[in-house]
Amino acid sequence: AQSVTQLGSHVSVSEGALVLLRCNYSSSVPPYLFWYVQYPNQGLQLLLKYTTGATLVKGINGFEAEFKKSETSFHLTKPSAHMSDAAEYFCAVRSPSGSARQLTFGSGTQLTVLP
Amino acid sequence: IAGITQAPTSQILAAGRRMTLRCTQDMRHNAMYWYRQDLGLGLRLIHYSNTAGTTGKGEVPDGYSVSRANTDDFPLTLASAVPSQTSVYFCASRIKGDAGELFFGEGSRLTVL
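Chains A and B, in that order, give the protein sequences. Numbering follows the numbering used here, with no gaps: position 112 of the first sequence is 112. Numbering follows the numbering used here, with no gaps: position 89 of the second sequence is 89.
Bear in mind the hints are in silico, worked out from the structure with no lab data behind them. Ideal placement from N, C-alpha and C gives every residue a C-beta, glycine not left out. Heads up, a few of these hints could be off.
[Stated by the list, open to error] Residues from chain B that face chain A, not an exhaustive set, calculated with beta carbons under 7 Å:
1) Gly40
2) Leu41
3) Gly42
4) Leu45
5) Gly100
6) Glu101
7) Phe104
8) Gly105
9) Glu106
[As the list claims (entries may be wrong)] Using C-beta positions, here's what the derived DEER-type ranges look like:
10) Ser84(B) to Gln110(A): 37 to 47 Å
11) Val82(B) to Ala54(A): 43 to 53 Å
12) Ala54(A) to Ile12(B): 42 to 52 Å
13) Pro115(A) to Glu106(B): 40 to 50 Å
14) Ile95(B) to Ser26(A): 19 to 29 Å
15) Thr111(B) to Tyr39(A): 16 to 26 Å
16) Pro79(A) to Ile12(B): 42 to 52 Å
17) Lys68(A) to Ile12(B): 44 to 54 Å
18) Gly53(B) to Met83(A): 45 to 55 Å
19) Ala7(B) to Lys68(A): 35 to 45 Å
20) Lys69(A) to Arg17(B): 46 to 56 Å
21) Thr5(A) to Asn70(B): 34 to 44 Å
22) Glu59(B) to Gln110(A): 15 to 25 Å
All chains, full assembly: derive it from the sequences and hints.
Structure, rendered in structure tokens:
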């Protein structure tokens, strides 16, 4: 079984400050990892994903995440927050093996950017 | 415009009524999914279909049914709606491949009174 834990259901940062959204997972095998973003009244869209290879993954809108196997983490960062980054962010994991291979989502982190 | 279309965008429904949420995609993706989104719980998988003609149960399938007669359409039916099914429902499809990303519709907000 796989699971995802997002620490902090709400995170507030000032515009221009570092954004750090935390994600830890549990999986019996090294998984595929994803971050999705949801803007108000919209569906989710992919920010970035890790499958294999380089553990630092760059995504859209200046976001990046680092896969740390020893810490079972995949934290999302952005050096300088912008007002347009205000949204809900979801971490997700999929096992690369098994019959179902369904995505399991975390409970989400609402990011507020303060002027 | 390519993507996933969901209908209706919003619906208020009396308990006990039957309701079908429609989902259509034009990307020819094989896999399709239905999720429900509830505050503090993230997205939970209701049902999925890996290819036309096949369906499977997700994490929270009770009270819901799906069909997949063709590649493009994946309707979700509530046979007899209950208030606990009040939620926002998202349909999604997936690019071929294990690491393929999901593409989401804009959601259907359902309120069961």
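Status of each hint after checking the structure:
Taken as an interface hint, Gly40(B) checks out: its beta carbon lies about 6 Å from the nearest beta carbon of chain A, inside 7 Å. For Leu41(B), the shortest C-beta to C-beta distance to chain A is roughly 6 Å, which falls under 7 Å, so the interface hint holds. Interface hint status for Gly42(B): upheld, as the beta-carbon distance to the closest one in chain A is roughly 4 Å, under 7 Å. Evaluation of the Leu45(B) hint against chain A yields a held restraint, the C-beta minimum of about 6 Å falling below 7 Å.
For Gly100(B), the shortest C-beta to C-beta distance to chain A is roughly 9 Å, which exceeds 7 Å, and the interface hint is violated. For Glu101(B), the interface hint holds, the least distance from its beta-carbon to any beta-carbon of chain A being 4 Å, beneath 7 Å. A distance limit of 7 Å between C-beta atoms decides the matter here; for Phe104(B) the minimum to chain A is near 3 Å, and the interface restraint holds. A least Cβ separation of about 5 Å between Gly105(B) and chain A falls short of the 7 Å threshold, and the interface hint therefore holds.
The beta carbon of Glu106(B) is positioned within 7 Å of a beta carbon in chain A (closest approach about 5 Å), and the interface hint is therefore held. Take Ser84(B) and Gln110(A): their Cβ atoms lie about 23 Å apart, and the range 37 to 47 Å is violated. The supplied range of 43 to 53 Å is met by Val82(B) and Ala54(A), whose beta-carbon atoms lie about 47 Å from each other. For the pair Ala54(A) and Ile12(B), the supplied restraint of 42 to 52 Å holds, since their beta-carbon distance comes to about 48 Å.
A hinted range of 40 to 50 Å for the beta carbons of Pro115(A) and Glu106(B) is inconsistent with their spacing of about 28 Å. At roughly 26 Å, the beta carbons of Ile95(B) and Ser26(A) sit within the given window of 19 to 29 Å. Checking the proposed 16 to 26 Å range against Thr111(B) and Tyr39(A) shows it holds: the Cβ atoms sit about 22 Å from each other. Here the CB-CB span from Pro79(A) to Ile12(B) is close to 44 Å, well matched to the stated 42 to 52 Å.
Checking the proposed 44 to 54 Å range against Lys68(A) and Ile12(B) shows it holds: the Cβ atoms sit about 46 Å from each other. Taken as a hint, the range 45 to 55 Å holds for the pair Gly53(B) and Met83(A), whose Cβ atoms sit roughly 47 Å apart. At about 42 Å, the CB distance of Ala7(B) to Lys68(A) agrees with the hint of 35 to 45 Å. Checking the proposed 46 to 56 Å range against Lys69(A) and Arg17(B) shows it holds: the Cβ atoms sit about 49 Å from each other.
Range check, Thr5(A) to Asn70(B): Cβ separation about 38 Å, and the 34 to 44 Å hint holds. One distance hint, 15 to 25 Å for the beta-carbon pair Glu59(B) and Gln110(A), holds here, with the actual separation near 22 Å.
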